[in-house]
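So the protein lines, in turn, are chains A and B.
Counting from 1, position 149 in the first sequence corresponds to residue 149 in my numbering; the numbering is continuous, with no gaps.
Counting from 1, position 236 in the second sequence corresponds to residue 626 in my numbering; the numbering is continuous, with no gaps.
Worth double-checking, as some hints may not be accurate.
Stated by the list, open to error - 30 Å max Cα-Cα, derived BS3-like pairs, lysine-lysine:
(1) B:K570 with B:K440
(2) A:K178 with B:K466
(3) A:K271 with B:K496
(4) B:K502 with A:K29
(5) B:K592 with B:K629
(6) B:K440 with B:K496
(7) B:K466 with A:K250
(8) B:K576 with B:K466
(9) B:K502 with A:K250
(10) B:K570 with B:K592
(11) B:K496 with A:K250
(12) B:K496 with A:K29
(13) A:K250 with B:K629
(14) A:K178 with B:K440
(15) B:K466 with A:K271
(16) B:K496 with B:K462
Bear in mind the hints are in silico, worked out from the structure with no lab data behind them.
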Amino acid sequence: MSPLKHRPAPQPDTDEGFRAEYRSYIWRKVLFIAFLAAAMFILLGYSVTVSGRDMTFWDGIMAIADRIMGVTYDRAEEPVKFWNDYIVWNSTMPRVLGAVVCGAGLAVCGAAMQVVLNNPLAEPYTLGVSSGAVFGACLAIILGFSFGSIGTYGIIGNAFIFALVPCAVVIVLVGVMKGISPVTMILAGTAISYFFSGLTTLMMVRTDDDTLTSSFRWQIGSLADIGWNSIWVIFAGTAVCTAVLMMTTKYLNALALGDRSATSLGVDVNKVRYTILIVSSLMVAVILSFTGIIGFIGLLAPHMVRSILGADNRYVIPASMLLGPVILLFADTISRFLAEVDLPVGIVMMFVGSPIFLYILLGRRGRRVMYRCSDMPDRTAASRPATAHS
Amino acid sequence: MRIMINGIDFAYGSVPVLHNITADLTGPRFVSILGPNGVGKSTLIHCINKILSPTAGTVMLDGRDVSGISIKEMAKLVGYVPYSANDTFPLSVVDTVLMGRHPYSKWGTLDKDLDIVHDTLNMLGISHLAMRSFSELSAGQHQKVMLARGLVQEPEVLLLDEPTSNLDVRHQLDVTKMLKKLTEEKNILVIMISHDINIAAKYSDEIIMLHGGSIYAVGTPEEVINEENLRVVYQVESKVIVDDGRPHVILRDAVPMCGD
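Same shape as in the complex, but just chain A (with noise of 0.2 Å):
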């Protein structure tokens, strides 16, 4: 007999057991968040150090604490110290803080847009936002014609502007056409894309060959170009529109139920997807409008979030926002290793998303948890003892 005395366990078929199981589940979930916001910071530190520059991790990490601590290094006396300095916070500092945030903001774009359009295929870019913005920055490059200022900043502003025509029409046909479904919306956002896009091809073949060049390279995602006045702007209106996307994450779960269910739940179904096609189309706008079309990820990170924690958007959506950075940051940090042959990282995404993508889908989670077909023989799960949670 021990002598040490203990509790016995909560049995699961009482109340207190089913809490403490309900407990460790959720528990389990934040563990994960917690873990991602870890590995977020820690190739943070690392992704400042690659520059071209020989900085080992710690050299990236002391620059940035010494900075936010206020030291300053003379530049003749610890040129080393100084040069770091200089490099991780005046070159690669604001281009690694933007892909956090553009990580971040598409992520959670796709992850709410999925929910809200009942789609597994939906993106951030899915009502033509994209093909909005690149027709008002080749409006901009090739005609010359844009609102307010010129240069960069006119393009800038015309993305903005014409990203959020197509979201604009799509939600003002479903403010007129009363119970339009989600399925209609995305098609009426492709119809609207492929008259941008005609207009866009229209521009391009009959410009000059520079023109063309620099137009096409503006579609490419790029974080090269993110400098401390831009990434303001982006920091700002990512944060806002993530902050209310984060307050919807239960009626997004309402949602996933299905329209009537959430309705006989007390959710006001169309305000709920409203305010989010709202606020995630300005989000991605703002983004969208400094970077150029960085695909995948508004796709990749929901979904390989939901294939590890489940589809509870309270988890998935702040989830979402940390993982997104964690995939761009890594796709930029290689495409800044690959800086000679000038690869934007809207081409590394690509190819680093596609074979994980893959994986995840085919992956016996991923098949498991969200794209089983509805005839596929295989209910492995249901054959399982009731214990092996998910």
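Start from chain A and add chain B according to the hints.
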């Protein structure tokens, strides 16, 4: 709780579905709505819980017109168990059922909510599925989870759209018997759409039989379930016997359609 349906009409665009439906239902009572496919059974219950708005007429809950009640308040008064569930982004069973507490909940999950969910899952015999993903379950288990979600809403009226259609006979009996028991224990009004006339007849206090978008017959099972009504409404020949004081239908044949 008393539901008064006063002459409601409903049309999907230009296609009329319901015409001049009038009924007076007072709880505690177990009411079944019967009728062939496409007659407007689901439309009728959607008009009761404000998912749809009738094109004419009113629905009153305890003397209050439902058009003046917010959907949030409706969710506390009227629970709804749909025919099928959306599982594009499936939650776990426990989180799906916890959504039934949404009308009452704040941001966190309270112990009280968890206890209600646990008791309900136990009552339906599915507590062992609690942490599993909704998409991993069979169609019958889906129905029990949705039923649990409706029950944890603790409503005064519970609307169910064919809640036993995917269950085996044993579980059809269990669930319907449990609904009947809940009606008395919790003092609620249960309105169930059913295609199983015998199960409805065995447990219902009242049956509403729809035909051509209107109420064809209403009353106790003995008053409504008879060979003539079944011939007109379902186009079937049958023999109705009495078993344990309740009508029981033995189906014979389909009434030949014109041109057959």
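Which numbered conditions among the earlier hints are violated in the structure presented, ordered from lowest to highest? 13
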